[in-house]
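Enquirer: Construct the entire structure; sequences and hints are all you get.
Taken in sequence, the protein lines are chains A and B.
Numbering-wise (our numbering), the first sequence opens with residue 1 and increments by one.
Numbering-wise (our numbering), the second sequence opens with residue 1 and increments by one.
Hints were generated in silico from the structure; no laboratory data involved.
Given the structure is predicted, the values throughout are model-derived calculations rather than measurements.
Treat the hints with care, as some may be off.
Copies of the same chain look alike in the list, so a pair counts if it fits in one copy or across any two.
[What the hints assert, rightly or not] With a straight-line cut-off of 30 Å between C-alpha atoms, the simulated BS3-like cross-links for lysine-lysine are:
#1 K191 - K274
#2 K4 - K267
#3 K263 - K4
#4 K366 - K94
#5 K453 - K191
Protein chains: 2
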Amino acid sequence: MDVKELYEKLDSLMGSTVVLEGWIKNHRKQKEFGFIDFSDGTCFSHVQLVYDNKLDTFEEIAKYRVGSAIRVEGVVIESVGSGQKFEVQVKDIKLMGDCPEDYPMQPKRHSNEFLREQAYLRPRVNLFQAVFRVRSVAAMAIHTYFQSRGYVYVHTPLITANDGEGAGEMFQLTTLDLNRIAKSGSVDYEKDFFGKKVGLTVTGQLEAETFALAFKKAYTFGPTFRAENSNTKTHASEFWMIEPEIAFCDLEGLMNIEEDMLKYIVKYVLDNCKEEMEFFDKFIEKGLLDKLNKLITSKFTRITHAEVIDILRKAPVKWEFEPKQGEDISKEHEKYITEYFNGPVFITNWPKDIKAFYMKLNSDNKTVAAVDLEVPGAGELMGGSQREEDYDKLVNRMKELNMSFEGLDWYINLRKFGGCVHSGFGMGFERLLIYLTGVENIRDVIPYARTPKNCNY
Amino acid sequence: MDVKELYEKLDSLMGSTVVLEGWIKNHRKQKEFGFIDFSDGTCFSHVQLVYDNKLDTFEEIAKYRVGSAIRVEGVVIESVGSGQKFEVQVKDIKLMGDCPEDYPMQPKRHSNEFLREQAYLRPRVNLFQAVFRVRSVAAMAIHTYFQSRGYVYVHTPLITANDGEGAGEMFQLTTLDLNRIAKSGSVDYEKDFFGKKVGLTVTGQLEAETFALAFKKAYTFGPTFRAENSNTKTHASEFWMIEPEIAFCDLEGLMNIEEDMLKYIVKYVLDNCKEEMEFFDKFIEKGLLDKLNKLITSKFTRITHAEVIDILRKAPVKWEFEPKQGEDISKEHEKYITEYFNGPVFITNWPKDIKAFYMKLNSDNKTVAAVDLEVPGAGELMGGSQREEDYDKLVNRMKELNMSFEGLDWYINLRKFGGCVHSGFGMGFERLLIYLTGVENIRDVIPYARTPKNCNY
Numbered sequence: 001m002d003v004k005e006l007y008e009k010l011d012s013l014m015g016s017t018v019v020l021e022g023w024i025k026n027h028r029k030q031k032e033f034g035f036i037d038f039s040d041g042t043c044f045s046h047v048q049l050v051y052d053n054k055l056d057t058f059e060e061i062a063k064y065r066v067g068s069a070i071r072v073e074g075v076v077i078e079s080v081g082s083g084q085k086f087e088v089q090v091k092d093i094k095l096m097g098d099c100p101e102d103y104p105m106q107p108k109r110h111s112n113e114f115l116r117e118q119a120y121l122r123p124r125v126n127l128f129q130a131v132f133r134v135r136s137v138a139a140m141a142i143h144t145y146f147q148s149r150g151y152v153y154v155h156t157p158l159i160t161a162n163d164g165e166g167a168g169e170m171f172q173l174t175t176l177d178l179n180r181i182a183k184s185g186s187v188d189y190e191k192d193f194f195g196k197k198v199g200l201t202v203t204g205q206l207e208a209e210t211f212a213l214a215f216k217k218a219y220t221f222g223p224t225f226r227a228e229n230s231n232t233k234t235h236a237s238e239f240w241m242i243e244p245e246i247a248f249c250d251l252e253g254l255m256n257i258e259e260d261m262l263k264y265i266v267k268y269v270l271d272n273c274k275e276e277m278e279f280f281d282k283f284i285e286k287g288l289l290d291k292l293n294k295l296i297t298s299k300f301t302r303i304t305h306a307e308v309i310d311i312l313r314k315a316p317v318k319w320e321f322e323p324k325q326g327e328d329i330s331k332e333h334e335k336y337i338t339e340y341f342n343g344p345v346f347i348t349n350w351p352k353d354i355k356a357f358y359m360k361l362n363s364d365n366k367t368v369a370a371v372d373l374e375v376p377g378a379g380e381l382m383g384g385s386q387r388e389e390d391y392d393k394l395v396n397r398m399k400e401l402n403m404s405f406e407g408l409d410w411y412i413n414l415r416k417f418g419g420c421v422h423s424g425f426g427m428g429f430e431r432l433l434i435y436l437t438g439v440e441n442i443r444d445v446i447p448y449a450r451t452p453k454n455c456n457y
Numbered sequence: 001m002d003v004k005e006l007y008e009k010l011d012s013l014m015g016s017t018v019v020l021e022g023w024i025k026n027h028r029k030q031k032e033f034g035f036i037d038f039s040d041g042t043c044f045s046h047v048q049l050v051y052d053n054k055l056d057t058f059e060e061i062a063k064y065r066v067g068s069a070i071r072v073e074g075v076v077i078e079s080v081g082s083g084q085k086f087e088v089q090v091k092d093i094k095l096m097g098d099c100p101e102d103y104p105m106q107p108k109r110h111s112n113e114f115l116r117e118q119a120y121l122r123p124r125v126n127l128f129q130a131v132f133r134v135r136s137v138a139a140m141a142i143h144t145y146f147q148s149r150g151y152v153y154v155h156t157p158l159i160t161a162n163d164g165e166g167a168g169e170m171f172q173l174t175t176l177d178l179n180r181i182a183k184s185g186s187v188d189y190e191k192d193f194f195g196k197k198v199g200l201t202v203t204g205q206l207e208a209e210t211f212a213l214a215f216k217k218a219y220t221f222g223p224t225f226r227a228e229n230s231n232t233k234t235h236a237s238e239f240w241m242i243e244p245e246i247a248f249c250d251l252e253g254l255m256n257i258e259e260d261m262l263k264y265i266v267k268y269v270l271d272n273c274k275e276e277m278e279f280f281d282k283f284i285e286k287g288l289l290d291k292l293n294k295l296i297t298s299k300f301t302r303i304t305h306a307e308v309i310d311i312l313r314k315a316p317v318k319w320e321f322e323p324k325q326g327e328d329i330s331k332e333h334e335k336y337i338t339e340y341f342n343g344p345v346f347i348t349n350w351p352k353d354i355k356a357f358y359m360k361l362n363s364d365n366k367t368v369a370a371v372d373l374e375v376p377g378a379g380e381l382m383g384g385s386q387r388e389e390d391y392d393k394l395v396n397r398m399k400e401l402n403m404s405f406e407g408l409d410w411y412i413n414l415r416k417f418g419g420c421v422h423s424g425f426g427m428g429f430e431r432l433l434i435y436l437t438g439v440e441n442i443r444d445v446i447p448y449a450r451t452p453k454n455c456n457y
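Expert: The following block contains the structure:
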């Protein structure tokens, strides 16, 4: 039986014999009794196992070390100790897998840096039990949200010959022998696996648009890559993105979806990860639950980029970077704005020169119908836009930017063959997890993070 | 309103005015009437739009070409024509996006080869509307199955320095400038992004095991890569895999899960993609629905590899490859066995020399506790095993195979730190889709397939 099931059916199991399989998290031995803090990983709560010296195997069990895998047979009884609802009175314990004295995950506080180095063992400690279960449940929330609303989940390709939006540096992919290239003195891409230079995608958006123009509503949820040499708390070289694209949807409609989706995910995680979220609220970010509960019922602010600059310029703050009309805003500005409105803020109509080529040009010819969602504590959580559906305007913009049309003809053609108003956004999954858990470093919400000079496991 | 909603609420909408947005799939014009075959991609069924010459815009509407995006306002009425339950009597149509005469997706039969070349438009035709919706729904079935049973979804890394099981050729990943390597005559991996040679993963299993030993039940669902130069109907360079890993689970338990999961997915897809599955049954694989309905209620055969060889050797068949004890079986053997048992077959206890290093050695010292699931028509659908949980046996096996321990120390250590009986399997998602849809070529169940010398979009 899973411990999760034991908790769910506790009332009816009182007095019954159960069999559990899992691991010893802590072990206190006394002369007449022993207490094992036991978990099988199926839920955040542990079970207290109690064994006494009337058992033939008392001496043997007393030797079992922290980290060992065991199979327990015991009776569910009301706990005589404080705090706990029940405990399991051991009838028998079988050792399934031993664990040595020098097991790194001893029951004490470890630094996150140490745990990163022991990434293959850290899912066993409370913090990462909570983080990675929330990661899993949040992923399910996202799929449930979109699928129950008729979106088609599309697996866009990761290996690609186009550089997407030019959003970032790409990893190159090859089956050519680099040493042979060094020896021969030349690179022959015709001999490479795909017969040309290819890399790992930075976005699935462009391909997702082809699905939106066939299924009306589509979304991606998959890995994305950046070969950027930045060692910050919010950058990883491999991360997961959600990229919905919706036909016959304008910027207002897009914001409605973003707001609705975020509230849905937050509520889903609060409902399905109660203990984990309480843990984060208590030990990682005080006030987390308040923040999230408030989000669910609040109406997100919607404001233009120009209005944001006005507010920033009037603010009684000495900025590191001076806010200016027509220019991008910095992290300090994002922070101020979410605090100013005390909640999530949609910033719309950005200067075209700081946004991507495919965003719809507004009638002022200066701004594009783009929207960023800024949330307190995590900054930009989503970025989206209405897509330029006008063939000529899209081509002109690409020419202005000196972009190559090679490999993007199909994307442009979407505007020729029944193209229509359509919009989409991207949300970094890890950014969402940082917001949901209060964990600050992206390395701590990814099972095996990839960052510059770091690719273990 | 989505067409899906219109169908769902049809009875209550009869006589009401609705607004629909979507595309013209076909257009027949007569003197007094016009008929538009209309779809918005939200469900497999189309809607017939009828407009007559009493409309001021009759002449204008009559010009709208196949492929155009339109916004329709009309009244839901009972159909006077044959076959259809209802049609929409047009009050107004607005052109949202034009489409030229030379639009490639004209309403006629196209070859799959042609459609592959037009991959960005093919989601608009019936076959691929059906395929890619089933792909999306099947993905949801998988997540729902595992999440509702308490599995943790883990995103295992795609960029990796270890070659997994040695299961296949890897793509190399680099940020080094190949032309510079050619010029300089040397390769300096210390200057590469991760400071060493890395590639794209061939499996997430090894990392998934670390999660099973923390959460008891874990699964991956993500992209996997093979740089194999094979141009067959069943091979792609980029595909999606599902890899569940379960602690305290032996080979029998694993087969129970595989069987239960497959039945669940099949039932889920049959329930949620009724029209699409009927389309496949009618046009792609006659008898598909019978095959799948039978699977749901059948008990899968369980038989050892040695028994299979016996059956094959006694079979009145002239084999291309002679079946032999201790050796692998070929496609013709797989086919014979599933036909012999007239359904899915689990083949267990394979000769260790043809299976991976991590599989649990049986007491005969010759076979391993591995299991392949063979299904009629699609061959091997899943491959799994009990994992070797014995530290010494695992290390010995790796030595026998002259494997390097570098980068795999953590994997071996799992056997030291509370290791226990555990098992897992892998299922190729596209293999499943081929089985579910009857579509024969893997290129036709992947939105943008990557194969040797082929990386467009």
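Enquirer: Each hint needs a verdict: does it hold in this structure or not?
Expert: Checked hints:
Taking CA atoms no more than 30 Å apart as the test, K191 paired with K274 passes in neither setting, with 54 Å inside one copy and 45 Å between copies. For the homomeric pair K4 and K267, the shortest alpha-carbon distances inside one copy (21 Å) and between copies (27 Å) are both at most 30 Å. Proximity of K263 and K4 under a CA criterion of 30 Å is satisfied in both settings, with 26 Å inside one chain copy and 25 Å between copies. Taking identical chains as interchangeable, the C-alpha atoms of K366 and K94 lie at most 30 Å apart only when they sit on different chains, with a minimum of 28 Å there against 72 Å within one chain.
In the homo-oligomer, the alpha carbons of K453 and K191 lie at most 30 Å apart both inside one protomer (29 Å) and across protomers (9 Å), since each shortest distance falls under that limit.
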